[in-house]
Amino acid sequence: SAAVLIEGETGTGKELAAQAIHREYFARHDARQGKKSHPFVAVNCGAIAESLLEAELFGYEEGAFTGSRRGGRAGLFEIAHGGTLFLDEIGEMPLPLQTRLLRVLEEKEVTRVGGHQPVPVDVRVISATHCNLEEDMRQGQFRRDLFYRLSILRLQLPPLRERVADILPLAESFLKVSLAALSAPFSAALRQGLQASETVLVHYDWPGNIRELRNMMERLALFLSVEPTPDLTPQFMQLLLPELARESAKIPAPRLLTPQQALEKFKGDKTAAANYLGISRTTFWRRLKN
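Per the numbering used here: the sequence shown = residues 3 to 292.
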């Protein structure tokens, strides 16, 4: 149950990684001690004003401030009791709240805003940031003692552009999910078309990382869910996703294989090989014979 700090660019899948850690840890925990409820609670520390973030994390008692709810309200630490609290963009947390967070982590209890009675909490904390926290510490913007408390385990997520082998499997997974949400099938022809478009995908820089890839596949699914289903080719993908076309224009055209090599790459599938080369089946046959 050690605290985990996940570092990586925006969109690299830090919350997905946190959820995976949560599921794996509590699956093993339940196997030993019996199944229980283990909530996963997430909050973006940079998306909430400081005055509201304090009440959101630690809760508040009735009358703690103007507009407070009658009877008070439990904070996210209490809600996550027995599970995981994911603190996204921890580097955006103001210094005064960093001090209070450190106290909660050390004492394993939280006192609501306006309250005096500490409430015991059993919470695993996973935090994430796109910032350089070590530089922030040198500049006095992040507490060193809190950093060490949060980073017992550190996980660095590389950007998608450095994970070229993951791009096609992720694209296929996101496209499947997006089509399923539209009650549309992910056919063998679409899989072949996606494979044929691999060079277009891997040559893109993906500044938005996994989040951007998922967004693109959701957009693509909207056009592939109609009847009759259009052919998924590199040209079709670049037409619908112009950012891919702009990036592809900066690199040599990905027509590097001969027809025979393309046929071998796609294990004898002539349609996929033709799509990969960006030519029709008729032209593919003609070039193959020549």
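Think of the hints as simulated: they come from the structure by calculation, not from any bench.
From a predicted model like this one, the values you see are computed outputs, not experimental measurements.
The reader is advised that the hints may include incorrect statements.
[As the list claims (entries may be wrong)] Under the rule of at most 27 Å between Cα atoms (straight-line distance), these lysine-lysine pairs were calculated in the DSSO-like manner:
1. Lys178 <-> Lys291
2. Lys267 <-> Lys291
3. Lys178 <-> Lys38
[Stated by the list, open to error] Quick list of the computed label-pair ranges, beta carbon to beta carbon:
4. Arg105 <-> Thr231: 50 to 60 Å
5. Ala49 <-> Ser282: 30 to 40 Å
6. Leu241 <-> Pro122: 57 to 67 Å
Just so you know, even glycine gets a beta-carbon here, dropped at the ideal spot from N, CA and C.
Evaluation of the provided hints:
no.	hint	in the structure
1	Lys178 <-> Lys291	violated (36 Å)
2	Lys267 <-> Lys291	holds (18 Å)
3	Lys178 <-> Lys38	violated (32 Å)
4	Arg105 <-> Thr231: 50 to 60 Å	holds (57 Å)
5	Ala49 <-> Ser282: 30 to 40 Å	violated (49 Å)
6	Leu241 <-> Pro122: 57 to 67 Å	holds (58 Å)
Taken one by one, the earlier hints fail for this structure at numbers 1, 3, 5, listed in ascending order.
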